[in-house]
Every structure is written in structure tokens, then in C-alpha cells.
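J.: Sequence order for the protein chains is A and B. Residues in the first sequence are numbered consecutively from 1, following the numbering used here. Residues in the second sequence are numbered consecutively from 1, following the numbering used here.
Hints should not be assumed to be uniformly reliable.
Note that identical chains are pooled: a pair holds if it fits in a single copy or bridges any two copies.
What the hints assert, rightly or not - Quick list of in silico lysine-lysine cross-link-like pairs, DSBU-like style, CA-CA up to 30 Å:
(1) Lys325 <-> Lys223
(2) Lys370 <-> Lys52
(3) Lys325 <-> Lys111
(4) Lys325 <-> Lys228
(5) Lys111 <-> Lys296
(6) Lys207 <-> Lys296
(7) Lys228 <-> Lys293
(8) Lys325 <-> Lys296
(9) Lys205 <-> Lys293
(10) Lys347 <-> Lys52
(11) Lys341 <-> Lys205
(12) Lys41 <-> Lys296
(13) Lys325 <-> Lys205
(14) Lys52 <-> Lys207
(15) Lys121 <-> Lys205
(16) Lys111 <-> Lys121
(17) Lys205 <-> Lys41
The set of hints was computed from the structure by calculation and includes no laboratory data. Keep in mind the model is a prediction, meaning the values are calculated, not measured.
2 protein chains.
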Amino acid sequence: MNAINKTQPRVVGLNVPAEVGMSLDDVSTPALIIDLDALDKNVASMRDLIAKMGMRHRAHAKTHKSADIALHQIEHGGACGICCQKVSEAEALVEGGITDVLVSNQVVDTKKIDRLAELAKRARVLVCVDDLGNVDNLSAAATRHGVTIECLVEIDCGAGRCGVRWGEPAVEIATRIGASDGLVFSGIQAYQGAAQHVHDFNERKQKIDVAIQQVADTVDMLKAQRLKCDIVGGAGTGSYYFEGNSGVYNEMQCGSYIFMDADYQRVRDDRGNFISEFENSLFIWTSVMSKTKVDKAICDAGLKAQSVDSGLPVIYGRNDIEYIKCSDEHGVISDPDNVLKLNDRLKLVPGHCDPTCNLYDWYVGVRNGKVECLWPITARGMAF
Amino acid sequence: MNAINKTQPRVVGLNVPAEVGMSLDDVSTPALIIDLDALDKNVASMRDLIAKMGMRHRAHAKTHKSADIALHQIEHGGACGICCQKVSEAEALVEGGITDVLVSNQVVDTKKIDRLAELAKRARVLVCVDDLGNVDNLSAAATRHGVTIECLVEIDCGAGRCGVRWGEPAVEIATRIGASDGLVFSGIQAYQGAAQHVHDFNERKQKIDVAIQQVADTVDMLKAQRLKCDIVGGAGTGSYYFEGNSGVYNEMQCGSYIFMDADYQRVRDDRGNFISEFENSLFIWTSVMSKTKVDKAICDAGLKAQSVDSGLPVIYGRNDIEYIKCSDEHGVISDPDNVLKLNDRLKLVPGHCDPTCNLYDWYVGVRNGKVECLWPITARGMAF
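Kindly produce the complete structure, drawing on both the sequences and the hints.
T.: Right, dumping it as C-alpha cells:
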């Protein structure tokens with residue numbers, strides 16, 4: 001049993017599924033492909049939407065984990081910076097050229113706090129806080145490293161995960177941040193994660209209305225203590241139009257809009273229509289690898305090619321066949337008219353984009369049926 | 001948008017979650033840790049079991065995707081070789097020192113067939129077949145490369161995925177293989193994947209009994225055509241004692257036994273007890289990262305740290321707390337007695353080991369509370 005030294009990197013991607021310039025048909029399957037025209041449209045749509053709403057947009061890189069896409073969002077999509085969820089993810093993205101990063105999550109482990117402070121020497125670094133002791137530890141690390149860490153107090157506005165109660169508990173932490181060396185109180189983090197995928201418009205609106213009221217009240221209470229919120233952040237792809245038009249939030253954190261997925265395609269607007277401002281740009285490129293039954297085909301994209309936590313993938317542009325079952329290495333496709341043949345290629349819209357992207361080492365960017373680029377998934381697996 | 005050349009590798013693991021010699025408590029979370037004592041016991045148990053049953057064991061590396069563990073299974077666990085599921089996986093494992101590989105799956109894409117033939121220059125290579133045209137394509141590639149590819153005819157013995165019907169369709173393909181240049185007919189692949197996780201003993205036995213009968217009849221029909229099955233392969237961790245004692249199968253392909261998982265712990269033996277010959281050796285090491293509610297804690301292992309397709313993880317050795325909800329980056333832990341504190345460490349038994357391992361770049365091997373080794377997950381992401 002051979003141990004290895006921690007400084008020895010693991011090299012991946014010596015085998016990649018595609019080459020620049022090849023036809024999409026020649027890309028090895030399963031592969032994660034991006035329709036670059038659709039991605040560009042989504043980036044432009046968000047740029048126009050935030051301009052119209054007078055909002056800032058801090059694009060959430062937890063969706064794509066790619067420095068290339070994050071830079072594209074900043075350069076062409078009007079994003080003021082990015083969010084991510086883990087210190088290792090922030091490290092990878094700063095290494096990839098990003099200079100303004102909010103870790104929209106708590107960082108409470110001593111060594112991780114140290115790494116965060118170290119990172120603040122190379123980029124603007126913000127982090128969320130929901131614990132008084134954590135404020136002291138962040139302050140000590142920032143002081144030790146001679147850096148400034150900006151802190152947002154996180155409010156649990158309905159997701160039932162991290163964050164303190166709105167109002168007094170938030171003010172207490174903000175006050176402590178404001179009094180701590182090396183830290184700056186920059187505002188509030190109030191992301192209602194449990195509302196994003198609520199398909200019904202009114203139910204979704206109701207959840208966000210509650211959040212907006214809690215945030216508004218907290219902002220007022222902070223103001224009374226002379227604690228100014230430069231950032232009132234939150235909002236995702238499923239709810240941004242509520243926060244974006246609230247007059248309370250000023251910074252949105254949408255991530256999935258860049259790709260969309262099968263579950264987001266089930267979210268409806270106020271007229272019962274599907275959300276139409278963004279389109280599917282992310283697909284799993286798969287092939288039929290076994291066809292021994294007249295009414296079924298087996299494709300090569302199973303649980304290691306996608307996350308099925310939010311449901312099975314949808315076969316793009318096809319109503320005659322359906323992805324009906326997923327096991328480790330295989331997908332079962334119902335083929336009632338027996339139209340599929342061995343090696344037929346299919347585009348799957350993944351059920352849930354974020355954890356699906358975290359399975360791949362590369363994005364294969366495609367335009368007009370040709371591979372235009374390969375982008376490494378910079379922060380893949382960076383969960384710690 | 002910068003394109004990259006296909007020969008440029010992506011280097012990962014410059015940040016690793018642990019160092020050899022450190023205390024388990026200091027390992028960054030979430031991390032995938034292996035209890036090396038438990039792993040060694042599982043390897044020894046399988047060695048003893050196959051000796052007792054007079055079976056060969058071709059350990060399934062799709063579970064762990066690690067060359068280090070595969071070599072350990074061969075050197076100390078009596079394994080005659082390994083199985084894996086994809087050509088890229090086989091390439092990575094041969095690169096890691098494995099010399100006898102069955103791709104227990106169909107390889108039908110022209111370029112993949114070519115890579116498989118290329119690999120046969122460096123290792124004994126076997127593959128499964130369920131299509132006559134595929135036999136011709138494999139034969140052409142083997143001839144072109146001057147290699148031999150061994151073929152197993154795959155029978156669908158109940159899983160409803162790849163494989164032809166038992167009996168005549170299998171004989172037809174075997175005959176074609178036997179008559180093809182560059183190929184050798186080596187036997188039958190009959191893995192009943194849908195039976196492995198059936199919790200009830202009798203229901204599981206019934207499914208495997210059906211498979212055993214189909215395989216026995218097919219072997220007889222092949223024998224009548226002078227087609228000898230050197231390998232009659234199949235069987236997983238949930239069913240191996242049926243195939244292993246059948247007198248029909250001669251090669252088992254267990255994978256999960258090396259780690260076990262929460263779902264396999266629900267599989268019962270004939271007395272209604274849990275399977276006891278293997279123990280949990282794989283855990284997700286996680287920490288409490290938010291504790292703002294008296295009856296709940298939030299840990300840092302969510303959907304990017306585990307696959308929940310077979311259910312949520314179980315918190316190892318704890319009955320007082322429960323992992324109740326999983327989102328992208330967080331796990332919600334019910335903590336009715338309010339015993340958890342920020343930074344508390346917990347060991348999770350993943351719901352399903354195979355797709356969970358495929359999320360990480362490293363195994364952190366632990367013995368007596370200390371990190372003994374770091375093993376790269378050699379074939380992580382190698383799905384194509």
C-alpha cells in the first residue's frame with residue numbers, strides 16, 4: 001500500500017473526450033457539452049435583466065465551477081464578481097483569474113479560516129457568518145495575515161439551513177463584525193434556497209415575499225445602529241425577479257441560469273408558462289450502447305454521468321423516446337417505436353445541473369455542430 | 001473564450017484534504033476516508049470465501065476506481081484480475097499496473113473499440129458482447145492491431161439492461177466470436193444487477209435462481225456446439241453466495257464488498273440478519289459548519305460529497321442524531337438533544353458507495369486515528 005506525498009498532484013484529462021475542431025458526432029460519450037450559442041444568450045439575457053432592474057449580479061460559480069465561464073460572466077454578462085461555496089473552490093477560481101469572490105457559506109474550521117485569510121492577499125474575499133465565535137476567529141486570522149475579510153451576516157430566510165434568525169440575532173453579529181479588527185461588515189446574505197425549485201408561481205412568490213420582509217426589517221434595524229449594508233444579497237434563478245424588483249436586495253446570486261436543467265424547466269411564471277428568459281445550454285452527450293430489445297435501448301450515461309437527485313434527465317428534442325431508469329453505468333430508454341440503433345447519439349438535459357457538472361473534468365463547448373473549445377472544470381471536486 | 005489543446009492535462013489535487021501522518025481530526029472536510037483495518041478485513045474475508053467456494057474472483061474496480069486498491073485485491077485478496085465498466089477506466093487502471101481487465105460492458109463505438117484493441121497490447125483484455133455487428137467490428141480492430149480480445153457473451157438474466165436472451169441468441173453470438181479472427185470466445189457474462197440490493201433474502205434468491213438456470217442451460221447449449229466457457233461470470237456483493245455455490249458460475253465480480261454502504265447494510269441473510277461477512281470501511285468525514293438551531297445542525301457534506309440515489313447517508317455509531325436532508329452543499333442533521341457543536345466531526349456511511357467514490361480525487365486511508373496513506377482515485381470521472 002503506497003502512500004504519496006501531499007504535494008504530488010494527480011494529473012487528469014490526459015484522455016479527454018474531444019478535440020477542438022472535431023464534429024460533435026465524434027465526441028466520446030458520455031460527455032458534458034455546452035451549446036455555446038445558448039450560453040452566450042443566457043449571459044446576455046442576464047446582463048440585460050440586471051441593467052433593467054438596476055441590480056448588481058454576483059454570478060454563482062458553484063453551478064459551473066469553471067474559471068473560463070466565470071470570467072465570461074464578468075467580462076460579457078455584467079457580473080460584478082462571483083460567489084462560490086467552499087474555500088477550495090475559491091482558491092481554484094482565484095488561481096484561474098477571478099479577483100472578487102464571496103464564499104456564500106460559513107467557514108468555521110481553523111485551517112480553512114487560515115486559507116481564506118491567505119486568499120485575501122490575492123483577491124477581494126467575502127464570507128458569510130452566522131456565529132459570534134466565528135467572527136472572533138475570522139478576525140484573529142485576518143489580523144495575523146494582515147488582510148481584510150468582508151463579512152455578510154447570513155439570515156435563514158426560510159431554507160432551514162445556515163443563518164441566524166432575522167432581526168436582533170443578525171444585528172448582534174453585525175455589531176461584533178463592525179467592532180472586529182481585520183473584518184468589515186458588508187451587509188446581509190439572505191438566499192432562500194428552498195424556494196428556487198418550487199414550480200408554482202404563487203407558492204414561490206409567497207416564500208420570497210416572507211424573505212424580503214425579514215430582510216427589509218433587518219436592514220432597517222441595522223441602519224438604526226449605523227450599520228450600513230453595502231450588499232443585500234441573495235436570489236437564484238427560480239426567484240430573482242422577486243428579489244430583483246423588491247427595492248430591498250441589491251445583489252443577485254444566480255447560478256443555474258447559465259445552463260438551466262430539467263427541473264428548472266418545470267418552474268412556472270405567473271401565467272403558468274415555463275420561464276423563458278434562459279434556455280438549456282448544458283447537455284449530456286450519450287450514445288446507445290446496447291439494443292437487444294425492441295422497445296428499449298441502453299445508453300452509456302448512468303449515475304456516474306449525472307445526478308438524479310431532482311429527477312431523471314429529459315431527452316432533448318425527442319417526444320418519441322424517454323429516459324426511464326438510471327443505474328450506475330447505464331440509462332434505460334423507452335423506445336416504443338423501435339427507432340433507436342446502436343451508436344445513436346442523444347442529448348440529455350440533466351435533472352439538476354450543479355451536481356452533474358461536479359462529475360466531469362471538462363466542458364466540451366460546441367457551436368454549429370463543431371467542438372469550439374474545451375474548458376477544464378477548474379474547481380471540480382473542490383468541496384473542502 | 002479560450003480553447004485548449006487536447007494534450008494539455010488538467011492537474012488536480014494540488015490541494016489535498018490531508019497529509020500522511022496527521023490525525024484524522026485534522027483532515028479537511030468533507031473527505032472520503034477509508035478505515036484501513038476494515039478494508040483489510042474485507043479483502044481477507046473475500047479471499048477466504050472464494051477459497052472455500054472454489055471460485056475465482058475478478059474484483060469489480062468500478063466501485064473504487066483505484067489502482068492501489070485493485071492491486072491490493074490481487075496481491076492479498078486472491079483476485080485473479082479486475083472488472084471495470086468503461087474503456088477510459090480500463091486505460092487508467094492498466095496505466096496503474098493492472099494486467100488483466102474485463103470491461104464488463106459493451107464497447108460499440110468505433111474509436112472506443114480501437115482504444116480497447118490498443119490496450120490489448122499492454123494487458124489481457126476481455127469485453128462483453130451482445131450484438132453480432134459488434135463482433136465483426138471488434139474482430140476488425142483486433143486484426144488491425146495484431147492483438148487478441150477475449151469476448152464474453154452477455155446474457156440479460158433479469159436486470160433488463162444489456163445482454164441478449166439466454167439460449168439460442170447467446171449461442172449465435174458465441175459462434176460468431178469463435179469464427180472471428182483476433183477474437184477468442186471466453187465464456188458468458190451473466191450479472192443480475194437488479195437483484196443485488198433486494199433486501200429480502202428469498203426474493204433475492206428467487207431472482208438469482210432464475211439466472212442460474214438460464215446460465216446453466218446456455219452453458220449446456222454452448223457445450224453441445226463445442227463452445228467451452230472458460231469463464232461463467234457474474235455475481236455481486238448482494239448475491240455472490242448464490243452464484244458462488246451454484247456449481248454453474250466460476251468467476252465472481254463483487255465490488256461493493258470492499259467498502260459496503262448504507263443500502264447494502266439493509267440487505268438481509270436467510271435468518272433476517274444483516275450480511276455480516278463484510279463491514280463498512282468507507283466513510284464521508286464531515287463537520288458541523290452551522291449550528292444556529294437547538295434541534296438541528298448543518299454539516300458540510302451535501303450532494304457534491306455523495307450520491308443519494310439509494311437513500312441518505314447514515315451517521316456511523318450514533319443513534320442520537322440523524323442525517324435528514326441533503327442539498328447541494330449542505331446536510332441537515334436532526335439533533336433533538338442539542339448535542340452537536342460547531343466543528344464537531346462525524347462519519348457518514350454513504351447511501352451508495354460506487355457513485356460516491358466517483359466524486360472524489362483522493363482516498364484518505366486511516367488507521368488508529370492517523371492518516372496512513374493517500375490514494376488517488378485513478379479512474380475518477382473516466383466514464384467514456
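J.: Could you run down the list of hints and mark each one as holding or not?
T.: Here's how the hints hold up against the structure:
1. Lys325 <-> Lys223: neither (53 Å within a copy, 36 Å between copies)
2. Lys370 <-> Lys52: neither (34 Å within a copy, 56 Å between copies)
3. Lys325 <-> Lys111: between (42 Å within a copy, 27 Å between copies)
4. Lys325 <-> Lys228: Result: close neither inside a copy nor across copies, 52 Å intra and 35 Å inter.
5. Lys111 <-> Lys296: Between copies, since 24 Å is at most 30 Å while 52 Å is not.
6. Lys207 <-> Lys296: between (42 Å within a copy, 21 Å between copies)
7. Lys228 <-> Lys293: between (66 Å within a copy, 27 Å between copies)
8. Lys325 <-> Lys296: Classified as within: same-chain Cα gap 11 Å, cross-chain 34 Å, threshold 30 Å.
9. Lys205 <-> Lys293: Classified as between; 25 Å across copies, 46 Å inside a copy.
10. Lys347 <-> Lys52: Neither, since 34 Å and 48 Å both go past 30 Å.
11. Lys341 <-> Lys205: Close neither inside one copy (45 Å) nor across copies (34 Å); limit 30 Å.
12. Lys41 <-> Lys296: neither (35 Å within a copy, 41 Å between copies)
13. Lys325 <-> Lys205: between (33 Å within a copy, 23 Å between copies)
14. Lys52 <-> Lys207: within (24 Å within a copy, 61 Å between copies)
15. Lys121 <-> Lys205: For Lys121 and Lys205, the Cα distance exceeds 30 Å both inside one copy (40 Å) and across copies (62 Å).
16. Lys111 <-> Lys121: within (16 Å within a copy, 47 Å between copies)
17. Lys205 <-> Lys41: Result: close within a single copy only, 26 Å intra versus 54 Å inter.
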